[in-house]
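Add chains B and C to chain A, keeping to what the hints say.
Listed below, chain by chain, are the residues.
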Amino acid sequence: MPPPSLTARAPHRSLGNLALRLRVSGVVAFLILLGAAFAVLSPQFLTPQNLRAIVSNAAILAIVAAAQAVVLLTRNLDVSVGSIMGLCAYLTADFAAAHQGVGPVLVLMPLVLGAGLGLINGLLVAYGRISPLVVTLGTLSLYRGATYIYARGQEVTSYRLPRWMIGLADATIAGVPWLVVISIVVVALLAAFLRFYPAGRRIYAVGSNPLASAFFGLRAERVIVLVYVIDGVLCGLSGFLYAARVGTVTVVLASGWELNSLAAAVIGGVSVTGGSGTVVGAALGAVVLASIDNGLVLMGVPEFWRMFIQGAAIVAAAAADVLIAVQIRKSVQGRRRFRERGA
Amino acid sequence: MKGLGSRIFGWEFALVLLIALAAAWSTYLSPYYLTVEQILYSTRHFVFPGLLALGLAVVVILGEIDISLASILAVGAVLLAKASAFGLPIVVAAPFVVCVCACLGGLNGALVARLGLPSLAVTVGTMGAYRGLAFIIGSETGYTDFDASYAYVGATRLGGLVPVSFLVFLALALAVGFLMERTVFGRRCYSVGNNKEAAWIAGVDVARLKIEAFALGGALAGLAALVWVGQYGSARGDNADGSILFVVTAVVLGGIDINGGRGRIAGVVLALFLLGTIRNGMGLANIGGPTQTVVLGLLLIIGVLRPVILNAVGRLRRMGPSGARSTLAD
Amino acid sequence: MGMHTKTIAAAALLALALGGPALAKDSGFKLMMTPKWTGFPYFEAAGRGGKDAAAELGDTFVYAGADHADVSLQVETLENFLTQKPDGIMLAAIDLNAVAPVLKQARAAGVVVTTFDADAATEARDMFVNQLSYKQAAQTMLDCALLDAPEGGEVAFVAASPTAPNHTAHIKYMKEFIANDPKYKVFTVVDTQYANDDDAKSYDVAINLMQAHPNLKVIISSSAVSAPAAARAIKSSGHAGKVFSTGFALPSAIKDYLMDGSEKAFALWNPYELGYLAAYVTHLKLAGKLDIKPGVTFTAGKAGSSTVGEQGEIVYGKPLIFTKETVDKAGF
Chain A
7 MPPPSLTARA PHRSLGNLAL RLRVSGVVAF LILLGAAFAV LSPQFLTPQN LRAIVSNAAI
67 LAIVAAAQAV VLLTRNLDVS VGSIMGLCAY LTADFAAAHQ GVGPVLVLMP LVLGAGLGLI
127 NGLLVAYGRI SPLVVTLGTL SLYRGATYIY ARGQEVTSYR LPRWMIGLAD ATIAGVPWLV
187 VISIVVVALL AAFLRFYPAG RRIYAVGSNP LASAFFGLRA ERVIVLVYVI DGVLCGLSGF
247 LYAARVGTVT VVLASGWELN SLAAAVIGGV SVTGGSGTVV GAALGAVVLA SIDNGLVLMG
307 VPEFWRMFIQ GAAIVAAAAA DVLIAVQIRK SVQGRRRFRE RGA
Chain B
13 MKGLGSRIFG WEFALVLLIA LAAAWSTYLS PYYLTVEQIL YSTRHFVFPG LLALGLAVVV
73 ILGEIDISLA SILAVGAVLL AKASAFGLPI VVAAPFVVCV CACLGGLNGA LVARLGLPSL
133 AVTVGTMGAY RGLAFIIGSE TGYTDFDASY AYVGATRLGG LVPVSFLVFL ALALAVGFLM
193 ERTVFGRRCY SVGNNKEAAW IAGVDVARLK IEAFALGGAL AGLAALVWVG QYGSARGDNA
253 DGSILFVVTA VVLGGIDING GRGRIAGVVL ALFLLGTIRN GMGLANIGGP TQTVVLGLLL
313 IIGVLRPVIL NAVGRLRRMG PSGARSTLAD
Chain C
36 MGMHTKTIAA AALLALALGG PALAKDSGFK LMMTPKWTGF PYFEAAGRGG KDAAAELGDT
96 FVYAGADHAD VSLQVETLEN FLTQKPDGIM LAAIDLNAVA PVLKQARAAG VVVTTFDADA
156 ATEARDMFVN QLSYKQAAQT MLDCALLDAP EGGEVAFVAA SPTAPNHTAH IKYMKEFIAN
216 DPKYKVFTVV DTQYANDDDA KSYDVAINLM QAHPNLKVII SSSAVSAPAA ARAIKSSGHA
276 GKVFSTGFAL PSAIKDYLMD GSEKAFALWN PYELGYLAAY VTHLKLAGKL DIKPGVTFTA
336 GKAGSSTVGE QGEIVYGKPL IFTKETVDKA GF
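Chains as they are written, first to last, in my numbering: chain A, 7 to 349; chain B, 13 to 342; chain C, 36 to 367.
Bound conformation, chain A alone:
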């Protein structure tokens, strides 16, 4: 086998080069391709009201995906996100129904609850040194079970919810639904935090090289607790928004969202081995999922095939992201690594 070339080559025209120039990541490229394909296959796809429908459907998942991404960045994960959403949503909705006079300040309740639930996860993972999958599998059951026991066979119907809460989900600002605005703001703030604040950058550090971070005196435990608390707060918020959006608050609210958020995050290029990926990517992953759903309904594709296509799309998106990342790396380094990753 010829020795690997050690001389830098002039970066020639390549996909990676193009991607780098346009600062486009795998998920954005995928989204563009997807949009183009659907636009061709269905005339209604690119209309403003349809696009608005897509981002509305994606808004809440985008926040949860971003929350999952933050945890993934530290080489951990959280499969209890759905249960946190459910418990916070139910407790808040029930409280709101019983105390109609409390205004929008009520939104603090799911945030605080979520923070608490996330704190439990974080402490168990960071200080208990238990695998995050195990912890969050356990809390998935615990939190969901707690919701059930509290609810005692009831649900909170939209009639009992305060009007301002219902109104929040309906209102638009300059034609853009408030839910979408909230989602964009939250993700943007989170992205800014991760990029510009030392605490945020530490999150990346812990994930990409825990050993080196420890060497530099980074207390990984504190970072881990922080990410789970952030995750909990965002899930609490998402649960609240979900309740406002759908109107009926049941005990099974957001069941299964752990998988949705993971799917969105991986489509968005967040590495499940930590250290790389962006919350914006994860949010866009949610948009990809919503687009596929929407586009397939527009095209009249039967339900069975939709499931199949969605699954295949997730794999394709993950592949696209790895491909682009590899190409970028290649064009930047100007030489091939002597063995491709994956072996």
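Hints are computed from structural coordinates only; laboratory data are not their basis.
Predicted, not measured: the structure shown is a model, and the values here were computed from it.
Treat the hints with care, since some could be wrong.
[Claimed, not checked] Just so you have them, the derived chain B footprint on chain A, three or more residues with Cβ under 8 Å: (1) 136-144; (2) 258-269.
[As the list claims (entries may be wrong)] Residues of chain C clear of chain B, computed beta-carbon distances all greater than 12 Å: (3) ASP87; (4) ILE327; (5) GLU360.
Glycine included, each C-beta is placed from N, C-alpha and C at the ideal position.
Chains B and C alone, transformed into the frame defined by chain A:
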């Protein structure tokens, strides 16, 4: 192999204790629990998740994960339905279906090994894709008219007492345990799970190993499908939907380290017995589903806190003059 | 009690115990009910109904089940029931075939099996208390659609899953009615979607349906989870008054939309009474007071009189249509 040797494995030992405790608690909860027939009968519900758990354990030891196994089961079930409707004898249909399922698993492996994709991402995708495939093949109505030979494994009890499916599970557990403990394949899985790069440098064909492990998981899912159609008499696209979380629970409770390289098949088997005993006891006492969920969640957390506690206790003890002792509880 | 009385009492009890099997038991049966999943108000109401019926009749009653719709968990619950040697089992089947083996076993052991809300395989159960016949269900939903949109228009169906037998039956009959019955000819079917009894999915599906079919008039949901979610989607996206949601829903869940006028009519039946009836007929069969042959009529306490239909199906047959005026009277 199953912890019966002279070495005492900490985690497995704890599981055995917990099983005994659970059995005692179940006896207390319900007078119907403690009969041989009942206990054997109840094992049937844990055979198909158990087979999936065996496959998942191998993949996890390798350092990967496969959450599409339940969907592969569904594909297997609807394929068996098609074969039965076609009139294929079971001795032809079963190996065929197991092969197809192995290929589906192998596809997961290939995506992970050859394309370098993260296994969680891939299997989240294939979980949906294979489920969709099961629906496409299975169509709306689902199939129920299985030939008696197809239903044999899932439905028969030897002497009216011992479920055949349970015996099949035990046999496969022994086989997979042997595979992981005593063969080159198993050793390689552990070494790759521990340190992928080092294993590769040492000459292990990591890519091929991964594909084989994922294929094994798929094959076991195919066998689980055979048990399913006999036990439930129904092949539909939504078979086993949602069971993957339970399977993952069994694997992690069994002491398999999710990062790879550690844990034993014996632990998984014991964990399944533990979960089975608890659920059986609570079910016979008609304890509500939500309460069962909470108990299982608590068990998971408390159960894995045990090594932490043991560690702490061990460290305290070693501060004395007893000299250097192993700090590993598992 | 004096010694004499005690002896007589003991002798009587002994005689009863010895002659037990020979005497027809009238009461004190052990009834056990499992829904598709617990925690859903609809099934909880049915459970309460069953419990009250059992109390009224002097039977014991157990209501248990898993907290999510899982076929293998339901079978496990049924097997656990069977181990406890019940006299009667009532269930709403998730997968009609998967529960058949255990139910057949139960019947072989002399247990009376009654399904309600969702049937199991016919040979696996003694009776099926159907809330409405599939045709009746289809017609009720279409009647509500007419209340929403008397001039007709495009309609889309939302069901739980393509493998849900009752929903598929509803859709089949609705399509038939629309094609053949002049009353419903004003409608055109444009789409069928599935939302898995999940409210967020139902919401998204409704939004996507409105995008895919700009002239859509009514979304008809067989699933009580989907109808309110679709109504909410319609309202939030500003389509209230242009598109309507109808179908089966708990009155408390759609009260909001009826009150503010964005929706006109939904339907259901009384799940409490459904559960009550299921337990009642199980008791009657156990007490030997009910012959399961087509045409037999019987009275079931508070639920009034009913007739046994073909293949052991007892149609409860009391659809309730909720409008702005009637929704409060429902009481649930």
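Structure-based check of each hint:
Here's how the segment 136-144 of chain A fares: 7 of its residues keep a CB closer than 8 Å to some CB of chain B, so the rule of at least three is met and the hint holds. With 3 residues bearing a CB less than 8 Å from a CB of chain B, the segment 258-269 of chain A meets the requirement of three and the coverage assertion stands. Non-interface status of ASP87 (chain C) relative to chain B is upheld: no Cβ of that chain comes within 12 Å, the nearest being about 18 Å off. The Cβ of ILE327 (chain C) sits about 23 Å from the closest Cβ of chain B, beyond the 12 Å cut-off, so the non-interface label holds.
With a least CB separation of 37 Å from chain B, GLU360 (chain C) remains clear of the 12 Å interface cut-off, as annotated.
Hint check: no violations occur; every hint is consistent with the structure.
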